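Q: Note that the protein sequences, when read in sequence, are chains A and B.
Quick note: the first sequence uses the numbering used here, first residue 1, plus one each step.
Quick note: the second sequence uses the numbering used here, first residue 326, plus one each step.
Keep in mind the hints are simulated off the structure, nothing from the lab.
Computed from a prediction, not measured in an experiment: that's the story for all the values here.
Wrong hints could be hidden among the right ones.
Calculated Cβ distances over 10 Å to all of chain A for the following chain B residues [claimed, not checked]:
{"#": "1", "residue": "Glu423"}
{"#": "2", "residue": "Ser479"}
{"#": "3", "residue": "Gly494"}
Some chain B residues well away from chain A (every beta-carbon gap over 10 Å; in silico) [as the list claims (entries may be wrong)]:
{"#": "4", "residue": "Phe339"}
{"#": "5", "residue": "Gly341"}
{"#": "6", "residue": "Arg354"}
{"#": "7", "residue": "Asn364"}
{"#": "8", "residue": "Glu433"}
{"#": "9", "residue": "Glu451"}
{"#": "10", "residue": "Gly493"}
{"#": "11", "residue": "Ser506"}
{"#": "12", "residue": "Arg515"}
{"#": "13", "residue": "Asp536"}
{"#": "14", "residue": "Asp551"}
{"#": "15", "residue": "His552"}
{"#": "16", "residue": "Ala557"}
{"#": "17", "residue": "Leu575"}
Short, incomplete list of chain A residues facing chain B, as computed with Cβ under 8 Å [claimed, not checked]:
{"#": "18", "residue": "Asn29"}
{"#": "19", "residue": "Leu30"}
{"#": "20", "residue": "Glu196"}
{"#": "21", "residue": "Asn207"}
Glycine is no exception: its CB is placed at the ideal position from the N, C-alpha and C atoms.
Listed below are the residues making up each chain.
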Amino acid sequence: MNMRQRTLLYSAFAILLLVLPLIIQDNYNLHLVIMSMIFILLASGLNLIVGYVGQLSLGHAAFFGIGAYTSALFNLKLGVPFWAGMVLAGGMAALIGFLLGYVTLRVRGHCFVLITIAFAEIFKLIHFNWVDLTHGQMGLSDIAPPVLKLPGLFNLAFSTKSQYYYLALILVAITIYVNSRLVHSRLGRAFIGIRENEVLAESVGINAFKYSMVAFVVGAFFAGIAGSYYAHYITFISPDLFSFSVTTTMIVMLVMGGKGTVAGPIVGAVIFTVLPEYLRIAEKLRLPIFGLLLLVGIIYMPQGLIKVWENILFKLRARGHGNLT
Amino acid sequence: MATLLEAKELTIFFGGLAAVKHLNMRLERKEILSLIGPNGAGKTTAFNLITGFYRPTEGRVFYKGEDITLLKRHQIAGKGIIRTFQKTEVFPQVTALESVMIGLHLKESCPVIDILFNNRKAREEEKRTREKALETLEFVGLFPKREVLSRNLSYGEMRLLEIAVALGGNPEILLLDEPTSGMNPEESYRAMTLIEKMRETGVTILLVEHDMNVVMGISDRIVVLDHGEKIAEGLPEEIQANEEVIKAYLGSDFIHAQAN
Numbered sequence: 001m002n003m004r005q006r007t008l009l010y011s012a013f014a015i016l017l018l019v020l021p022l023i024i025q026d027n028y029n030l031h032l033v034i035m036s037m038i039f040i041l042l043a044s045g046l047n048l049i050v051g052y053v054g055q056l057s058l059g060h061a062a063f064f065g066i067g068a069y070t071s072a073l074f075n076l077k078l079g080v081p082f083w084a085g086m087v088l089a090g091g092m093a094a095l096i097g098f099l100l101g102y103v104t105l106r107v108r109g110h111c112f113v114l115i116t117i118a119f120a121e122i123f124k125l126i127h128f129n130w131v132d133l134t135h136g137q138m139g140l141s142d143i144a145p146p147v148l149k150l151p152g153l154f155n156l157a158f159s160t161k162s163q164y165y166y167l168a169l170i171l172v173a174i175t176i177y178v179n180s181r182l183v184h185s186r187l188g189r190a191f192i193g194i195r196e197n198e199v200l201a202e203s204v205g206i207n208a209f210k211y212s213m214v215a216f217v218v219g220a221f222f223a224g225i226a227g228s229y230y231a232h233y234i235t236f237i238s239p240d241l242f243s244f245s246v247t248t249t250m251i252v253m254l255v256m257g258g259k260g261t262v263a264g265p266i267v268g269a270v271i272f273t274v275l276p277e278y279l280r281i282a283e284k285l286r287l288p289i290f291g292l293l294l295l296v297g298i299i300y301m302p303q304g305l306i307k308v309w310e311n312i313l314f315k316l317r318a319r320g321h322g323n324l325t
Numbered sequence: 326m327a328t329l330l331e332a333k334e335l336t337i338f339f340g341g342l343a344a345v346k347h348l349n350m351r352l353e354r355k356e357i358l359s360l361i362g363p364n365g366a367g368k369t370t371a372f373n374l375i376t377g378f379y380r381p382t383e384g385r386v387f388y389k390g391e392d393i394t395l396l397k398r399h400q401i402a403g404k405g406i407i408r409t410f411q412k413t414e415v416f417p418q419v420t421a422l423e424s425v426m427i428g429l430h431l432k433e434s435c436p437v438i439d440i441l442f443n444n445r446k447a448r449e450e451e452k453r454t455r456e457k458a459l460e461t462l463e464f465v466g467l468f469p470k471r472e473v474l475s476r477n478l479s480y481g482e483m484r485l486l487e488i489a490v491a492l493g494g495n496p497e498i499l500l501l502d503e504p505t506s507g508m509n510p511e512e513s514y515r516a517m518t519l520i521e522k523m524r525e526t527g528v529t530i531l532l533v534e535h536d537m538n539v540v541m542g543i544s545d546r547i548v549v550l551d552h553g554e555k556i557a558e559g560l561p562e563e564i565q566a567n568e569e570v571i572k573a574y575l576g577s578d579f580i581h582a583q584a585n
């Protein structure tokens with residue numbers, strides 16, 4: 001592909017995304033697209049610490065839950081609108097990420113993994129048991145949808161799926177932009193240096209603790225934003241958001257899509273949101289088939305779908321050159 | 326000559342064993358100082374003490390008069406003291422070019438806000454980093470291998486890449502821990518030429534090396550360690566003639582045999 005073809009392809013793709021709600025008319029499929037986009041925020045953020053810095057964090061669902069509850073509680077108790085709530089949610093998740101990171105990012109490997117799992121469980125239990133505030137297992141309901149207000153011009157409360165779709169599209173675009181800027185800069189190189197060889201990275205002046213923290217906190221921030229969006233989209237949340245299974249879903253997306261790449265978590269999030277839904281036609285065999293697909297995927301594409309795609313492109317290009325000579 | 330780095334009474338105990346004992350040592354600007362001694366003499370330990378990888382039980386390290394004993398590794402690197410490792414250390418899944426770009430970390434300072442907006446400042450720094458990395462690869466002779474993943478390089482090439490990564494941050498002092506170990510004679514020779522070239526560009530070098538041909542060939546001065554203690558210090562020819570040193574390397578029997 002030359003420059004022009006690539007620009008053309010990207011433009012076509014962008015237009016497709018802009019008119020998608022016109023193509024996908026039914027609410028169910030549009031809902032799947034929106035859920036994919038929420039998981040793009042989650043998996044991309046997690047990718048920074050897991051894929052780039054190389055620390056396996058299994059507590060990412062906690063930041064999702066914290067974001068959702070922060071935004072929902074501010075909305076329900078104080079009437080704070082979604083837009084401010086979303087910023088507060090991201091900030092709260094980032095703050096708690098910082099505090100957790102301050103303690104845990106000093107350890108690597110198994111210790112770090114275990115602490116992050118425990119952390120998410122603790123937050124789940126807090127939200128489960130602090131009934132006065134969170135209504136426990138009953139969850140929080142009637143969270144107000146976002147309202148777009150321009151005084152005197154219009155006052156629009158979100159009600160249709162396509163409105164939510166465009167909001168998610170903006171969030172995804174910002175997340176991917178920020179992500180790709182970070183990982184293709186000195187920060188990204190520091191992340192990769194830590195992942196590849198922490199001792200060597202420190203010997204050339206990279207502060208491993210600081211850069212791990214940056215990746216961790218930015219990832220937590222995006223998860224908080226995703227949580228807030230989710231709360232105001234579904235309008236009901238419960239402590240199940242903190243579940244370990246939510247984290248494993250993200251990890252599956254990340255690993256199968258291709259960790260340590262910008263596109264990997266995007267591809268993974270879309271496929272692994274849509275695939276389990278379409279497997280419903282297999283009824284009782286749904287989960288066994290899903291498990292089998294994962295198994296085959298991990299064995300034959302350990303570096304994820306993005307790597308497979310890159311290899312295909314590479315071979316095609318090589319063949320192209322072969323024809324010329 | 327001005328003293329750049331000074332170790333004073335540096336001591337570290339591992340359990341009951343003093344791996345380095347009361348080491349006093351000065352490194353002068355723009356010299357090549359070699360640290361030699363039999364296996365287990367404490368050479369690498371001394372390196373680790375100077376670069377913040379170990380904390381000394383006693384003693385201090387000064388850099389340009391400033392006490393750097395308790396600084397963290399990356400802070401010491403930030404001062405301009407960069408080391409390489411005895412065991413080969415590379416960024417395995419990263420190309421040679423990207424590895425050196427990682428090594429250039431200390432040369433980069435673009436604020437995050439500029440990076441996010443990818444403005445001219447950010448783009449220019451990115452370009453500078455890439456050019457400097459290519460230059461450094463050229464300098465060590467790895468330019469043709471720039472797109473090869475580090476783990477796919479030959480052993481000798483990996484060792485050269487390590488030097489390139491260390492050189493990235495423009496160190497004032499470069500500590501090389503057995504740079505030629507595992508190299509064939511030709512690569513060894515190349516490494517030696519490289520070390521001399523580095524000195525010419527103004528880098529001060531502290532070298533741990535086993536290959537006596539290398540050591541005697543390029544050192545300005547030599548410090549000899551045995552059992553964690555400094556037993557000799559001087560010019561290469563003085564060290565070659567020093568009885569203590571011969572004894573440490575070959576055992577006292579050898580001296581007696583010669584005397585008889």
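Q: If a hint holds in the structure, say so; if it doesn't, say that too.
A: Checked hints:
1. Not every CB of chain A lies more than 10 Å from the CB of B:Glu423, the least distance being 7 Å, so the non-interface label is violated.
2. With a least beta-carbon separation of about 19 Å from chain A, B:Ser479 lies farther than 10 Å from that chain, consistent with its non-interface assignment.
3. A beta-carbon of chain A is positioned within 10 Å of the beta-carbon of B:Gly494; the least distance is around 5 Å.
4. Every C-beta of chain A lies more than 10 Å from that of B:Phe339, the closest at about 19 Å, which supports listing it as non-interface.
5. Consistency note on B:Gly341: stated as away from chain A, and its beta-carbon is indeed over 10 Å from all of that chain's, at 27 Å minimum.
6. No beta-carbon of chain A comes within 10 Å of the beta-carbon of B:Arg354; the shortest separation is about 21 Å.
7. Here B:Asn364 stays apart from chain A, with its beta-carbon at least about 22 Å from theirs, past the 10 Å limit.
8. A beta-carbon of chain A comes within 10 Å of the beta-carbon of B:Glu433; the shortest separation is about 4 Å.
9. Not every beta carbon of chain A lies more than 10 Å from that of B:Glu451, the smallest distance being close to 7 Å; the non-interface claim is violated.
10. Residue placement check: B:Gly493 does not keep its beta carbon more than 10 Å from all beta carbons of chain A (closest about 6 Å).
11. Distance check for B:Ser506 against chain A: the nearest CB is about 17 Å away, which clears 10 Å, and the non-interface claim stands.
12. Interface exclusion of B:Arg515 from chain A stands, the closest Cβ pair being 22 Å apart, more than 10 Å.
13. For B:Asp536, the condition that its CB be more than 10 Å from all CB atoms of chain A holds, with the nearest at approximately 23 Å.
14. With a closest Cβ-Cβ approach of about 27 Å to chain A, B:Asp551 is found to remain outside the 10 Å limit, as its non-interface label requires.
15. A cut-off of 10 Å between C-beta atoms confirms that B:His552 is not in contact with chain A; the least separation is 27 Å.
16. The beta carbon of B:Ala557 sits about 29 Å from the closest Cβ of chain A, which is more than 10 Å, so the claim that it is off the interface holds.
17. Every Cβ of chain A is farther than 10 Å from the Cβ of B:Leu575; the closest lies at roughly 34 Å, confirming the non-interface assignment.
18. A distance limit of 8 Å between C-beta atoms decides the matter here; for A:Asn29 the minimum to chain B is near 34 Å, and the interface restraint is violated.
19. Interface restraint check for A:Leu30: the shortest CB-CB distance to chain B comes to about 31 Å, outside 8 Å, so the restraint is violated.
20. Evaluation of the A:Glu196 hint against chain B yields a held restraint, the C-beta minimum of about 4 Å falling below 8 Å.
21. A distance limit of 8 Å between C-beta atoms decides the matter here; for A:Asn207 the minimum to chain B is near 5 Å, and the interface restraint holds.
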